[in-house]
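Asks: Each chain, letter by letter, is given below.
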Amino acid sequence: MATTTLQTTNGVYVSPTRQRVMGILFLVIAFAIWGFFGRTTPSGETTTFGLTPGGIESTVGDWEIPALATMNILAMISAVFGGIQLARGFGKRTNAVLGIVAAFFIFSFLTWAAAGKSLNLAGLLNSSLSKAVPITLGALSGLLCERAGVVNIAIEGMMLAGAMMGALIASLTDNLWLGVLAAVLTGALLSVVHAIFSIKYMIDQIISGTVINIFSVGITSYISAKFLQEYQELNNPGIFRPWPVPVLSDIPVIGPIVFNNNMFVYAMFAFLIIIHVALFYTRWGLRLRSVGEHPRAADTLGINVFRTRYMAVILGGMMAGFGGAYFTLGSVGRFDEVMTAGRGFIGLAAMIFGNWKPFGSFGAGLLFGFADSLASKLAILGVNIPSQFLLMAPYVATMIVLAGVVGRGQVPAADGQPYVKE
Amino acid sequence: MTSPCLHYCKTCSVRRQVLVNKGRIIMAFVLELKGITKRFPGVLANDHIDLTLEQGEIHALLGENGAGKTTLMNILYGLYQPDEGEIFVRGQKIEVHSPNDAIRAGVGMVHQHFMLIPVFTVTENVMLGDESTYRGGFLNRAAAARQIKEISEKYKLAVDSSAYVRDLPVGVQQRVEIIKLLYREADILIFDEPTAVLTPQEADELFKIMKSLVAQGKSIIFITHKLREVLDAADRITVIRRGKVVGSTTPAAADQRKLAEMMVGREVMLELDKKPAQAGEAVLDVADLVVLDDRQQTAVSNVSFQVKAGEVLGVAGVQGNGQTELVEAITGLRPALSGHVSLLGQDITHATPRQITELGTSHVPEDRQKDGLVLSAPLTENVVLNTYYKPPYTKGVTLQPAAILQTANDLIKRFDIRTPNAQTSAGSLSGGNQQKVIIAREFNRPSRLLIASQPTRGLDVGSIEYIHSRILEKRDEGCAVMVVSPELDEILQLSDRIAVMYRGQIIAIVPAAEATKEGLGLLMAGVKQETAVTPVTTTGG
Amino acid sequence: MSETEQPTNDQKKNFTRVLLEELSSQSVLIPILAVITGLIIGAFIIILTTEEVYEAWATSPWESIKVGWSAVNNAYTALFTSAIGSPTRIINALQSGDSLEIRRAFNPFLESLVASTPYIFAGLSVALGFRSGLFNVGAEGQLFMGAIFAAFVGYSVKGLPMIIHLPLALLAGALGGAIWGFIPGWLKAKTGGHEVINTIMLNYIAFRLSEWLLSGPMKRPETFNPVSPTIEESAMLPRFFENPIRFHAGFFVALGVAWLVYWFLFRTKWGFDLRTVGANPHAARYAGMNIVWVTILAMSLSGALSGLAGANEVLGVNHNLALAFSAGYGFDAIALALLGKSHPFGVVLAALLFGTLRSGALGMQLAAGIPIDIISVLQALILAFIAAPAIIRTIYRLKPSASGEDGVMLRGWGEG
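Residue numbers (this note's numbering), protein chains in the order written: chain A, 65 to 486; chain B, 3 to 543; chain C, 46 to 461.
Calculated directly from the structure, the hints in this document are not laboratory data. Values in this document were obtained by computation on a predicted structure and should not be read as measured data.
25 Å max Cα-Cα, derived DMTMM-like pairs, lysine to aspartate or glutamate: (1) B/151 / B/169; (2) A/485 / B/88; (3) B/519 / B/462; (4) A/485 / B/369; (5) C/314 / B/360; (6) B/158 / B/56; (7) A/485 / B/103; (8) C/235 / B/296; (9) A/290 / C/97; (10) A/156 / B/169; (11) B/95 / B/49; (12) B/260 / B/489; (13) B/246 / B/88; (14) A/485 / B/132; (15) B/213 / B/56; (16) C/235 / B/295; (17) A/485 / B/194; (18) A/181 / A/121; (19) A/485 / B/49; (20) A/156 / B/162.
Given only the sequences and the hints, what does the whole structure look like? Please build it.
Replies: In structure tokens, the structure reads:
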């Protein structure tokens, strides 16, 4: 497997089969846009996209586009891309083009679904961004651990525990920030357990993660049933309100979507940038990544593999705890049993889909969040696609990525393998 | 041979002067190892090894695989702790508890398996652990790249510092490893089997680099098991066998034959009662076989030979010359790139291991613990590992534990396997007994072809003798036998004909009666002597 | 087998020696200690989360300890009586001879068996995976698929005699699970995609799928709730007593399947393949086994067993498919398989323990006010101690085992 990974991650080398498969895929998408959407839309209908999220005073008008023409143009461009790909290939840029074509498909779908009607695009994007927050934070948690070579499938459990402790402490102290701190520390505590299990005792990291997940579900439900449901005042932390960023929130269209959110959205962006810079532009990041790629090499250069891994796992746990706080303090305003509902695992999927990179994970998180938001809009639009299939999409997409269909991801080479010093 | 000699003389004349001027006690040695001893469970890896390294010399450490060279160097580099012994650098005794200590003392190591991170750039790999940074820990890649450029110009190590290591050819990757050491200002450089992964051209390039390094004042320990390289590159040679220093010499005073003898050793063994072979029809026929190794390099190139019923063909050669891949290709464990393998007239080039086994092949694998046994499973299961699905061990679909147990008990008795009982796990037996389990399993079924890879590696004399006599018995039953071993004694004792592999080719097949240890040693080193051998056609390579 | 020839005296000696060896080898001791330690820590959690303990602290520490002890005592007594039955009630019932009363007295015990049944199936599923070197985290999803298939066959096929319909529904459940196991098995063997990630993803796909099916295609027509129609009586696993005793034939099916898995793993040539690939894939290749085929087979069988767990719940207990009917059996199954040392009979014992705990916890919740979720905490603790025997050894000052086989180690991400 090592050799195949090398060849496909090269970026320069794209196998002829893959080139052909991709070309055909582009053509299929073009055909789908034309066939499924274009042909079922009567000509002359317009689609109206709202450009201001709900609940905010509208500053820009709606965006009206001719439905059929838009779809035909997008289908044509996709077909041209397909032709170029088949003829000579986009080489390195294949995946970028794939992204563009996929975006065309999604946009055509929206245009089709809302043809003759109106769809609040800004609202959809805004809720996608909100839903992307816990997924992205979860992905960042997994990313910090796995870049150092420790698999963390306990993101879900750490988030859940963080969510509960956040709600509890914020309710007790009547201070949301203390709630966030408690959530972060809870995540850290569980990650210390994970770190000791997987680094010191060299327990299989999946088992260690499972222990934490089962434990978290149990203890949070236990405390919730025993205290939070009985004493409502223990489960009433309040919620971080949206805070419009001065100046930036006045930018048309983008402003209300991006810069009129609560603390968690801004924090997510901050963490994205910090972690990206730290991982790829600092000594700290270089060493952390070296430990995840080739711990023995790092060891021969005098880098303390164990300490680095402990640090990475604990930071990952803190990130997951913070992501957990989003559920109670950033979104719902109260703790419910098992409220994370698998977001930690979607975060894991987003990390894989995003190729173990912060912004890749964010992109995947956004996409998954978009699927989630769209799922709830489908019924309103009267589209006959079960929302569950949209909700499945992230998982299916991750499995496809994992199978190497879209080029194999850059799994840290030593991911999941305990380091044994000689 | 001439140019290194010139250079050698230049540096050594300087060194002699130092010695003469200051007498015997002075710090003429940049490195001195005294009485280094390291025991692993059941093995004495290093037995009171003394070694010295002089300023500006290339000191070759020669020995077979498993002789203890790498262990010694890992001790020097702080990866292992010695049980006994002392290390001196420039006359100062040092304690090496971690690679950090070694790096601080100016010792650097080019590992046999490169310690490089494929997804990092050259700059990142070189600077890792000793990064040049701006304030706040931000990497200053430019500064490191400048330093790499200086080093690469000074020592003629051409490399693109912004390239990703995974995109570089192996030879260049090795240069990056060397730059890593120079970046840390190491002046005692250890090269652990540096040519194992290189093409001949890359190896020649490496020797040039090594010479230029010592010319600029570095000192090098060069670990290898390849004779010719030692004579080409070294200033001084120390031979290690079974954890002990056998002797020291210089290229001028030694030749390949002598080195081969020192390295392989002469083991006192009882003469086997060996009848002359009654060679029959050809059982195994290999024609123009080409096989790639794991790195997709040609490991076996255009090999052709036959093994006849009732004879033992010994395949000699220093390890790593394609023997492993050849055996794997014949037994179906590795695909052949081209060529043909046939067994009793049937083409088995693309057959599965099971088909080949069922056609009557027995295979004693090279790595008994990895391939030959399931260590966690009891002996009962191990003795039927490749026959369990056939009667009497399986009736219909159900295993027949009674039949399996009976066979196991029978084999334990017949092959003298020392074990508490047949339910003991294979992993808890000694190495010799583990090998006996494999021998018992493979010899217990009627086979037409026996392939034994290093059948006695790491075993005691008693077990060796026992296994040898069993192999000859098999031959006398009319089985075609192919024995692969780097041990010349083993080859000479068992074989009726001897094939010598060198760099993926069979460079000669000699009748055992005409073969001498000296002649074989030369062949193993790739030197053909037209008088002593009958060369076979290797035109394709 | 050869021991039969030896004199009885020796045999006795052998037996005690073997027992001592077993205990000292810690393969039995560690799981027992893990369970005990889990219960002790659970007791501390109960004490720490009982308000009366803190209230009593105001009076005196001693009082507080007494209150704490009585809380634990109440909880564990309730756990025991609701899991096994109250001994006094059983004795009284037996003395009175009233058959209804006897059944009621034994009901807690029978309920525990009912709760254990899906655990047996799911535990076997994960254990079979472990034996083949595969980590099946997807038991939960496979269980859902099994339930979907079984429920569909159960209500849509009409007019069949039970002798055909019931096995058909069970097989459908196994097939549903097997499909969900085949996919990650195939992906692992052909593309190297790691089964852990793929099975996690498939879990969620299965949840969504069941959500969709129950909101439309498989929804009971007369209701708004996401529930499937009730299955035909001919597809129900027969119950042995009248309501409310739910004890049904599924338990014996589970025992039968456990024996079948044992037979398959240890008595057939295919089991030999699976175990060899799991223990040493290199040796398996050398011995001529087809690793691709074995991987796919193992995952499919593992899935089928989980599918049976789902079918068992639908056909034996619920008689319909509802959303979120599973209580996380799939994840608990990982703990089970490890606790049972991945041996079918060990898994049955572990499943009986977990089923008893879970069924007893229901009663504990009612009687002592301890939320049932404490059981998940206990299971997590037990799993932790089994996975890290070093912790147990440190607590009880045990010497490390001689064999050096510690915990469970599977193949990492990078290898494919």
